[in-house]
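Listed here are the chains, written in short residue letters.
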Amino acid sequence: MIVPPLVLVAAVAAAMALTGQGSDSVLRHVYLVPTVWAALARGVIGGGLAGMLAGLLHAPFALPAVEREGLTSQTLDGLLALVLPVLAGLLVGRLVDGSRAREARLRAILAIQRRLDGREPLENALPGVAEILRDTLRARRVALMVGSDIRSARLASVPTSTLVDGDSAAAFTLATGQPVTSPDLRGDPRVRASEPRASTPLRGLTLPLTSGAGIVGMVAVEWTGELPQATRVAAAELAAHVGLAVENARLTMRQQRFAEELCEKVAAATARLRELDQAKTEFLSVVSHELRTPLTALQGFSELLLRSALPPEKAHRCLVYLHTEACTLGRIVGELLDLSRIETGRPLELRPEPVDLDALMERNLELFAAEHRDHRFRWTSSAPGAAVHADPDALDRMMKNLLSNAVKYSPRGGHVRVSASPAPDDPGMVEVAVEDDGVGIPADQLPRIFDKYVRVPHPETAAARGLGLGLSLVKALAEAHGGRIEVESLPGKGSRFRLLLPGLDGQF
Amino acid sequence: MLLLSAPFEPSAGVPPGPPLRRYAQVGLAAAVVAGVGATIAVGAPARAGIGHGVAVGAIHAGLIAIGWLVATGAAPGWPAPALRLGVTTILASIAARLGPWGPLAFLLVPALLIRETRGRPSMRAVGVDGARLSHALIGLGAGAFLGAHLLITASLTFGYRVHATSGAAYLGALAYDVGVNVLSAEWLFRGALFTSWWRHGSFWPAALGTTALALVRYLLDPALPTASEARAGAIFYLGLVGLSACALRAWSGSLLPGYLAGLAFFAAYRTLTP
Chain A
589 MIVPPLVLVA AVAAAMALTG QGSDSVLRHV YLVPTVWAAL ARGVIGGGLA GMLAGLLHAP
649 FALPAVEREG LTSQTLDGLL ALVLPVLAGL LVGRLVDGSR AREARLRAIL AIQRRLDGRE
709 PLENALPGVA EILRDTLRAR RVALMVGSDI RSARLASVPT STLVDGDSAA AFTLATGQPV
769 TSPDLRGDPR VRASEPRAST PLRGLTLPLT SGAGIVGMVA VEWTGELPQA TRVAAAELAA
829 HVGLAVENAR LTMRQQRFAE ELCEKVAAAT ARLRELDQAK TEFLSVVSHE LRTPLTALQG
889 FSELLLRSAL PPEKAHRCLV YLHTEACTLG RIVGELLDLS RIETGRPLEL RPEPVDLDAL
949 MERNLELFAA EHRDHRFRWT SSAPGAAVHA DPDALDRMMK NLLSNAVKYS PRGGHVRVSA
1009 SPAPDDPGMV EVAVEDDGVG IPADQLPRIF DKYVRVPHPE TAAARGLGLG LSLVKALAEA
1069 HGGRIEVESL PGKGSRFRLL LPGLDGQF
Chain B
27 MLLLSAPFEP SAGVPPGPPL RRYAQVGLAA AVVAGVGATI AVGAPARAGI GHGVAVGAIH
87 AGLIAIGWLV ATGAAPGWPA PALRLGVTTI LASIAARLGP WGPLAFLLVP ALLIRETRGR
147 PSMRAVGVDG ARLSHALIGL GAGAFLGAHL LITASLTFGY RVHATSGAAY LGALAYDVGV
207 NVLSAEWLFR GALFTSWWRH GSFWPAALGT TALALVRYLL DPALPTASEA RAGAIFYLGL
267 VGLSACALRA WSGSLLPGYL AGLAFFAAYR TLTP
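Heads up: the sequence lines are chains A and B, in that order.
Residues in the first sequence are numbered consecutively from 589, following our numbering.
Residues in the second sequence are numbered consecutively from 27, following our numbering.
Just so you know, these hints were derived from the structure itself, not from any lab.
Honestly, I wouldn't trust all of these hints.
[As the list claims (entries may be wrong)] In silico negatives: residues of chain A with every beta carbon more than 12 Å from chain B:
#: 1; residue: Phe649
#: 2; residue: Pro652
#: 3; residue: Ser687
#: 4; residue: Phe760
#: 5; residue: Ser787
#: 6; residue: Ala808
#: 7; residue: Ala847
#: 8; residue: Ala867
#: 9; residue: Gln887
#: 10; residue: Leu910
#: 11; residue: Glu931
#: 12; residue: Asp944
#: 13; residue: Arg966
#: 14; residue: Thr968
#: 15; residue: Pro1010
#: 16; residue: Leu1034
[To be verified] Derived list of chain B stretches under chain A, where covered just means 3 residues or more per stretch with a C-beta under 8 Å from a C-beta of chain A:
#: 17; region: 175-189
#: 18; region: 206-218
#: 19; region: 227-237
#: 20; region: 275-289
C-beta: ideal position from N, C-alpha, C; glycine also.
Work out the full structure: start from the sequences and follow the hints.
Rendered as structure tokens:
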């Protein structure tokens, strides 16, 4: 692109020579055309070269006139025509270079913004930014580091370079925030370069990437040959912009992550609320059924007693039924009241006292054995006559719930083993274990087993009655005593519940 | 990438300054020898020729030796290659006065310079290296253009004639330019000084500074015509040749294009007769 204007300059000079014109020829003004053309095409180098050529080619016309006529207005005009193309070429070329540099910088800034818009991870976007910087600054190599420490910072370089020294100029800038400028890296006494000096200097510049949060990284640029001041200024401007863009990208990504996490949490909470809603609906259905069963019996037997004159044996049997169903009703109401207390955050009313485990267990096991003939109940204690510090009623309810659970989830009958021993992993606590060989609990249901309204579905236990409150009440009561409850289970093999309660001093 | 991989010591920041004392010693030694030559350059033609040869040779030997010191970092002691080059330059300059083929002895100097610089990485760093053909041709073209321009302008403006006095004298002058005149200028001003200054700064200060020094060296040359138009022309054209040589050195990485530009220019200049 530089050759046509130069040829045009030569053509103008040739035309002047061939037509025998002097330094005052009107053609001298035509020199400006190729000069400006060259300046527009190739900047200050093109403009300067074309202007210089025009001046040199005009000199054989202008200088003899000066020698012949001395300094007159005409010869001065000829001398001016000699100098003018040079000045015009340099001036226009400089303006063109400046304007192109500004345009390139603006394009680079836009391209960097597009790259660092937070849509892709920073480590994927950085090589593209390094490429943009290299092209804009016409550099040989560019490296971009994002992070505060040289060892953990993300590195992107063009061409790819992975060798990083912890004491390098890049590390220095990253640690201190101070830029490093080297006119020739291969001959700089501060840089221990292994490469020998080349015929053209290797310029180097490191700049910190800063944002409101401080130093967010570093950019290192190497040039071969000339490094104009304008390029250095451009590098500093672009580094400042990259620093802000990196920070913006980080903030955008953090916001996106936060929004995603929030969405996940909201979705999980909504699902949980739906589950609870469903569970409450089911609970109400179960409660009404559980309440209706004893109520129906109470109504039926009380009507029978009122309307019929039954013999004393039959009347006594009816009264026993009435009493049993009234107890059932009382237990259900008691559980509902406890649930209400737990849900409203009110403490459970406990009156702890030493409770003889042998007596409690034997009484409960006899009761359950009488009601469930298909099951075999066995009570063992490592210290007969041992006691725990607990509310007797609460402990009784806990044991009844656990035994009821064991019976309910071993529908084909089986063994129910109850044992008491010192807790091996918790000194001062007594472990009361209730073990069955029933259907067991799937692993994915175990974390929810102590939640309210939860009943583990199983084809063999679908007909079993219950509110889904028993285990959650046991848990609440155990914790109210300063203890806890744990479960181990294998589907098809059975379950083992460990109730840990504070023991009495000197026991076991 | 050196900024990433090379260890950096910020405290080792100030590079040692140029060893001006060594340069002064070499310059003084060259001036003493040149003075001795000028002293004996009186009397019989043979004696005058030898004296003149010693004086001219000593000046160029001094320029080449200082260039060597700048290029190699001026290690302590007298560098043997610089001494050999200096002695050869002086002997060639004496030989040039002894007969019509004597100036061919100047050609020994570039041959010896190539031999001495071979295998030294620091010499490649100052531009003692081959160049691409296109770069060499552009250098030759730039020098030829300026030389032709000089001939046209001088003949049109001052009525100078384009005519070599004799073939032998012209060839002798060309041998002088090839062997020492252009060689010492390119070696010292473009090779050593421009490279060093450009390495520590930017192009234009280095190019203008070294071209100004080269102009001073030519203006102090007693062989230059004393007429004012000749001196003005020398400043203009040697300035352009010098700046072109600097640009070619920076662009191509080699001294060869600038050296060819200088040779082409002087080849034209030698045909000019007032």
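Cross-check of the supplied hints:
Residue placement check: Phe649 of chain A does not keep its beta carbon more than 12 Å from all beta carbons of chain B (closest about 9 Å). Distance check for Pro652 of chain A against chain B: the nearest CB is about 5 Å away, which does not clear 12 Å, and the non-interface claim fails. No Cβ of chain B comes within 12 Å of the Cβ of Ser687 of chain A; the nearest lies about 21 Å off, and the non-interface call holds. Non-interface status of Phe760 of chain A relative to chain B is broken: a Cβ of that chain comes within 12 Å, the nearest being about 5 Å off.
Against the 12 Å criterion, Ser787 of chain A falls within the reach of chain B, whose nearest CB is about 4 Å from its own CB. Not every CB of chain B is more than 12 Å from the CB of Ala808 of chain A (nearest about 4 Å), against its label as outside the interface. Against chain B, the non-interface label of Ala847 of chain A holds: every CB pair exceeds 12 Å, the least being about 36 Å. Separation of Ala867 of chain A from chain B is adequate, the least Cβ-Cβ distance of about 61 Å exceeding the 12 Å criterion.
No beta-carbon of chain B is positioned within 12 Å of the beta-carbon of Gln887 of chain A; the least distance is around 90 Å. The beta carbon of Leu910 of chain A sits about 92 Å from the closest Cβ of chain B, which is more than 12 Å, so the claim that it is off the interface holds. With a cut of 12 Å on Cβ distances, Glu931 of chain A stays outside the contact zone with chain B, its closest approach being about 63 Å. Separation of Asp944 of chain A from chain B is adequate, the least Cβ-Cβ distance of about 79 Å exceeding the 12 Å criterion.
Look at Arg966 of chain A: its CB is around 75 Å from the nearest CB on chain B, clear of 12 Å, so calling it non-interface holds up. A cut-off of 12 Å between C-beta atoms confirms that Thr968 of chain A is not in contact with chain B; the least separation is 73 Å. For Pro1010 of chain A, the non-interface assignment is confirmed: its Cβ lies about 65 Å from the closest Cβ of chain B, beyond the 12 Å cut-off. Annotated as non-interface, Leu1034 of chain A keeps its C-beta farther than 12 Å from every C-beta of chain B; the closest such distance is 54 Å.
Counting residues of the region 175-189 of chain B whose CB lies closer than 8 Å to any CB of chain A gives 6, which reaches the minimum of 3, so the coverage claim holds. Counting residues of the region 206-218 of chain B whose beta carbon lies closer than 8 Å to any beta carbon of chain A gives 0, which falls below the threshold of three, so the coverage claim is violated. Counting residues of the region 227-237 of chain B whose C-beta lies closer than 8 Å to any C-beta of chain A gives 3; at least three are required, and the coverage claim holds. Counting residues of the region 275-289 of chain B whose CB lies closer than 8 Å to any CB of chain A gives 3, so the stated coverage by that chain holds, three being the minimum.
Taken one by one, the earlier hints fail for this structure at numbers 1, 2, 4, 5, 6 and 18, listed in ascending order.
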